[in-house]
Amino acid sequence: MTTPTTSRSELPADEVTEAAPKPSRGPVWSRGPVPILLAVVIFLAGWQVVVWSGWRPDYLLPGPVTVFAELGNIAIQPEFWQALGRTLVRAVAGFGLAVLIGTVIGLAAARSRTLRAAIGSLVTGLQTMPSVVWFPLAILLLGLGESAIMFVVVLGAAPSVANGVLSGVDQVPPAFFRLGRVLGAEGWRLYRYIVIPAALPSYVGGLNQGWAFAWRSLMAGELLVVIPGAVALGNRLAFAQEFGDAAGLLAYMLVILVVGMLADAGFSALATGMRRRRGLAVR
Amino acid sequence: MSSATSTAAGAADSERGRLRLSGVSKVFGRGDAQVVALEGVDLDIAPGEFVAVVGGSGCGKSTMLSLAAGLEQPTTGTITANGGVALMFQESTLLPWLTAAQNVELALRLRGVDKDERRQRARDLLAKVRLGRHVDKRPHELSGGMRQRVALARVLAQESAIVLMDEPLGALDAMTRDQMHDLIESVWQEAGFTVVFVTHNVREAVRLADRSILMGSRPGRVIHSQPNTLPRPRHLDANLLVEMSADLTRRLKEEVAVHDDADYFTI
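Residue numbers (this note's numbering), protein chains in the order written: chain D, 1 to 283; chain H, 1 to 267.
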């Protein structure tokens, strides 16, 4: 065998394939945060118009100005921050537990055909079941307390997480499994280095959906399960309704909306960054 | 009848890189749906030899590589691969979440090479396939030819005695393919591994191989073996190379004519 000669013509370094053309920027009102601001303004204006129409008296349906003023009042009370804090702790703990359980179940079902056949449709079924349906049983079994809330939050969120894992693993190209075997990645190492990273975008989708279910279940739980001495966003909402405090009620609803939107924005940013790094179309 | 694929680790050094298929057949499905993908394939490929496998679509050439790589088991016959087997795929199966360097590093990592060493070796290997400036690019930022060069670097990282290539240049344009021929030939000459290169391009086979194996279909089997002692480096348009290609093409046409619904192949 001859050794390669240095005279062999140097390969021309081919150029990096051109980045996808940037989408045309369009008019001012379609760029960046402008559409969002526009939507908020239109929503607030619509709300104000309904108030002005006199459909319901002011004390039942206050306008945005009153509600934001009330929100300002609430925000300087320590009870508000206690409530927000407690709710967020519950949300994070419940969601965290759901992620753990959902991931383990998802991975186990992805790896074992039998387990998948056994619980696959159950997982989907649980996902379609409104989690609030679980509360009577949870209260019966666990009493009116934190564990009942956690129970339902986990049941609401875990199936979505498990489904995210399952569909992620399903979507791994068969060539990657072959590659893994050729590279000597078997068993757990195949999952660690190839399958799990490949399934990650779908997993993040499952987490996002799981979070949405956890948040809804938690709000339902806080409306239904009132633990004496433990203030939380949901039961502030219930109190506001009982005391006919419409402005406070709407202010708390806004807070709940904003928390949900912030979390969703976080997941979206995570998913978008991941897709961009992998060269998947973002738009 | 016995069937086995074995990787003889303790084989004598002089035998490292030998790939032997004896009486190999592969049947998919059962009953009426049964398809004989390969029948009675005997091949003895010497250490360091560059063998091209040519045939129309459906002649079982990819199946043969899967068997040789141990991804599937033969229905009958034995396959002995001395030294590890690496496989380069038709489409570069680079992992999109890793950079070029990390893709190569993964092969090293799975072989237990420690962190500092694999960083350096991945860089060296990418320089060898002339991608030294693109180590931190992700697959989607690279052209098709560059992606196959990363895949080649990853194959080199496996340091296998046998490298199987399954139509690795099929998706590339003629110009890029020509450059890849030079590159594959030079890394092969330097590393001295055994190559089984599957292609449907006859000219490519004659350009690269020490021996071209023709395969016929239904069932897939070896129909001809053409030794090739043309001096290297060879040029695709050299007269002798064109003549040898024409001979292979004629034989392939005869084989294809046997079947009514002839498979296509290219020159």
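Hints should not be assumed to be uniformly reliable.
Claimed, not checked - Here are some chain H residues pointing at chain D (derived, C-beta under 7 Å): (1) 28; (2) 29; (3) 71; (4) 112; (5) 256; (6) 257.
Unchecked claim - Chain D is faced by these chain H residues, among others (derived, beta-carbon under 7 Å): (7) 34; (8) 36; (9) 58; (10) 62; (11) 87; (12) 96; (13) 97; (14) 107.
Note that these hints are calculated values from the structure, not bench results. A virtual CB, placed ideally from N, CA and C, is assigned to each residue, including glycine.
Against the earlier hints, flag every one the structure doesn't satisfy and list their numbers going up. 1, 2, 4, 5, 6, 7, 8, 9, 10
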